[in-house]
Amino acid sequence: MIPVSFYLTLAALMFTIGVCGVAIRRNVIVVFMCIELMLNAVNLSMVAFSRTVGNLDGQIGVFFVMVVAAAEAAIGLGIIIALFRSTRSLESSEASELRR
Amino acid sequence: MSPQMLSDIALTSPMWIVTLGALLLLLGDAFTASGWSRSFVSAVILLLGIVATLLTQSGYWEGSTAFSGTIFVDRVSWFFFLLIQGGALLSVLVGMSRLSDERVEAVGEYYVLLLLATVGACMFVASAELITMFIGLETMSLALYCMCGAASSLRRSTESALKYFLLGSFSSAFLLFGISILYGLSASTFIPEIAEVLNRSTPVALAYIGFGLLLVGLAFKIAAVPFHFWAPDVYEGAPTPVTVYMACVVKAAAVGVCLRVLWTMFGGMLDGWSTAIWYIAFLSMTLGNLLALCQRGLKRMLAYSSIAHAGYITVAFLAPGAAYGGGPAILYYLVAYSLMTIGSFGVVLAVTSKRAGDPRADDISTFHGLGYSNPFLGILMALFLLSLAGIPPGMAGLLGKIYVFNAAMQSDYLGLVVIGVLNSAVSVYYYLRVIVAMYFIEPKEAPVQVGPLGFSMASILVLCALGILAIGVFPAALYDGLTQVAHAF
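Keeping their order, the protein sequence lines are chains V and L. Quick note, the first sequence lines up with residues 1 to 100 if you use our numbering. Quick note, the second sequence lines up with residues 1 to 489 if you use our numbering.
Hints were generated in silico from the structure; no laboratory data involved. By construction, the Cβ of each residue, glycine as well, lies at the ideal position given by its N, Cα and C atoms. Be aware that a few hints might be false.
To be verified - Cβ-Cβ distance ranges computed for the label pairs, FRET-style:
#1 V:R85 / L:S64: 47 to 53 angstroms
#2 V:F63 / L:I441: 57 to 63 angstroms
#3 L:P192 / V:V4: 46 to 52 angstroms
#4 V:R26 / L:I379: 45 to 51 angstroms
#5 V:S96 / L:I209: 32 to 38 angstroms
#6 V:A23 / L:F376: 45 to 51 angstroms
#7 V:L77 / L:F31: 23 to 29 angstroms
#8 V:F64 / L:G267: 39 to 45 angstroms
#9 L:R355 / V:V4: 56 to 62 angstroms
#10 V:N27 / L:L6: 46 to 52 angstroms
#11 L:F40 / V:F6: 55 to 61 angstroms
#12 V:F63 / L:P392: 28 to 34 angstroms
#13 V:I29 / L:L6: 28 to 34 angstroms
To be verified - Covered stretches of chain V (chain L as the covering partner; in silico rule of three or more C-beta atoms under 8 angstroms from a C-beta of chain L):
#14 38-45
#15 58-71
#16 78-90
Input sequences plus hints: build the corresponding full structure.
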C-alpha cells in the first residue's frame, strides 16, 4: 500500500505550484486554473487524511468543495467574460484602471 | 420530518427566512414587470430575519447547537446575526434610491445576491464545523463577487469584481487547506472536538501550519496587513452601496469567525499565536494609517482607514474572552464601526453617485465647501469622521479604542498600545483633512449637485449619527450586555 505521506507530499506540491502560478502568471484564465489546482490539492489531502483517520468526514467535505469549485468557475468565467468585453484582453495587467 | 429536525429549523429560522425571501424575490423579479420596489421587499425580508433572531435565538443564552452540532446557537451567534442582518438592512436602505445612479441595472438580482450574501455571513459566523464554515464563507463571497461587478457598464466595477474574485478564492483555498490539516490532525471537523484534541496534547508543528493557513484566509476577509491589498481597489471600484455592505457586514462576519477560531478553537495555543497576531495588528494599524494619508479619493482613503480599524480590532484578539475586556471591546468596536462606516460611506454615496461614471467623482476636491452648500450632509460627515478618528463628540469611536487598548494593557501588551495610540494620532490628520475641505476651502467650481437624498437615505444617515451619539454617551448598558455575550468564549 502506498503510504499516506506520499499523497500529502503530492498535495503540498500541487498546492505550491498553484500558489506560484497565481503569483507569476498574468493571464487571468491561467490564474484561475491555478486556483482550481490549489482546491484540488486540498481535495487530495482531505481524501488521504480521511483514509488515515478512518472516518468519512473528509470525503464528504470533498464533495462540498467540488460543488463550491463549480460555482466558483461559473462566476469566475462570467466575470472574466465581462472584463474581456470591456478591455479585449485577458492579461491581468490590462485591468489597471484602479491602481493609480 | 422528525421533531428534532423541526426544532433545528426553528433555531436557524433567521437564515431560512432570508434564504426563502431571496428565492421568492428572484422568482418575483423574473415573472413580474417592474412597478414594485425590490429594495423595499428585501428590507422587509431582512427585518423579518431580525425579528426571527430575536424570537427564536434569545432563549438559548447558555449555548446549544443545531443540525447534529454543525451550527452554534448561542449568544455569540445571536449578537452576530443581529449585527449582520442589521448592517445589511441599513446598507439596503441607505443605497436604495441611488442604485440606478450607480449604474446597477439588474436591481432584482442585486438584492437577491445581497440577501444570499447575508445568509452566507450568518452561516459563516454561526458554524461549529469547519466544512459548514467554508460553505458559509463561499456563499457570502460568491454573492459578493457578483455584487462588485453589478455596474457592468463601468469598467472599474468589473475590474474590482475580478480582483476580489481572484484574491478571494485564492485566500479561501488557504483556509480550506488549513481545514484539511486540522481534520487530519484531530480526525474531526467540529470546532469543539478540534479544540479538545489541541488542548489535550502539546501542540505539534502540524497544528501551527493548520492555524497559519486558517489565519491567512481569515485575515484576507478582515483585510488585515499583509493580506489587505485587494481592499482599496475593491472598495473603490465597486458601486458605493456594495462598498457600504462589504465594509460593515463582511468585516463583522469575519471578525466573528476569528473570535471563534482564535479563542474557542485555538484558545489553548495562545502563547503560540500571540506573536503572529501582534505583528498583524501592528502592520495593519501602521500601514493602513500611513497609506490613508496619501489618498485623494475618499473611497480609497476610507478603505485604508478600514484596514487600520481592522488593526485596532486585532489588538484585542490578544485579550481572549471577557476576563481582560477583550471580548466586549471587540463587539463594542464592531457596533460602533458599523455605524460609522455605513454613515461615512453613505455620505460619500450621496455626494458622488450623480457622477458615478467619473472615476474622480470621490476626489477630495468634490467635498470643498460641502459644509455650506449642503449643511445637513456636512455636519453628519463631520460627526462620522470625528468618530472614526476618535475625537469627541464622536465618542463611540473614542470609547471603542479605549476599550480595545485597555484590554491589551490588562494583558501586558504595552508596546502595542503605545503604537496604537500613536497611530490614532496620525489618523486624525486625514480625517480632519476632509472636514477642513468641507468647511474651510472655497470650491473653485460650482458646488457639487447632490440631488434630493430621499427619505430612506436621509433617515438612515441620521439614525447612524444618533446611534453613534447614543452608544458614545451612554455606553454602559451596551457594554454590560456585550460582556455577557463575551462570557460565551
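### Task
Determine whether the Cβ-Cβ distance between L:F40 and V:F6 falls within the hinted range of 55 to 61 angstroms.
holds, 58 angstroms
Q.
Taking the Cβ atom of V:N27 and the Cβ atom of L:L6, is their distance within the range 46 to 52 angstroms?
A. holds, 51 angstroms
### Query
Between V:R85 and L:S64, is the Cβ distance one that fits in 47 to 53 angstroms?
Given a distance of about 50 angstroms, which is inside 47 to 53 angstroms, the answer is holds.
Query - Pairwise beta carbon distance, V:L77 to L:F31, judged against the given window 23 to 29 angstroms - result: holds, 27 angstroms
Quiz item: Given a hinted range of 28 to 34 angstroms, is it respected by the beta-carbon distance of V:I29 and L:L6?
Solution: Violated, at about 47 angstroms.
Handout entry: 8 angstroms C-beta test of the segment 78-90 of chain V against chain L, three or more residues
Key = holds (count 7)
Quiz prompt | Range agreement (Cβ of V:V4 with Cβ of L:R355, hint 56 to 62 angstroms) | solution = holds, 59 angstroms
### Query
Count the residues of the segment 38-45 of chain V with a beta-carbon closer than 8 angstroms to any beta-carbon of chain L: does the count reach three?
This one holds; 5 residues, not fewer than the three required, reach chain L with a Cβ under 8 angstroms.
* Asked: Taking the CB of V:F63 and the CB of L:I441, does the distance hold inside 57 to 63 angstroms?
  -> holds, 59 angstroms
**Message:** Given a hint of 39 to 45 angstroms, does the C-beta separation of V:F64 and L:G267 actually sit inside it?
**Reply:** The hint (39 to 45 angstroms, Cβ to Cβ) is violated, given that V:F64 and L:G267 are roughly 27 angstroms apart.
Can you let me know if the beta-carbon spacing of V:F63 and L:P392 is within 28 to 34 angstroms? With a Cβ separation near 55 angstroms, V:F63 and L:P392 fall outside 28 to 34 angstroms, so the hint is violated.
**Prompt:** Is 32 to 38 angstroms right for how far apart the beta carbons of V:S96 and L:I209 are?
**Reply:** Check passed, 35 angstroms falls within 32 to 38 angstroms.
Consistency with the previously given hints fails for numbers 3, 8, 12 and 13, ordered from lowest to highest.
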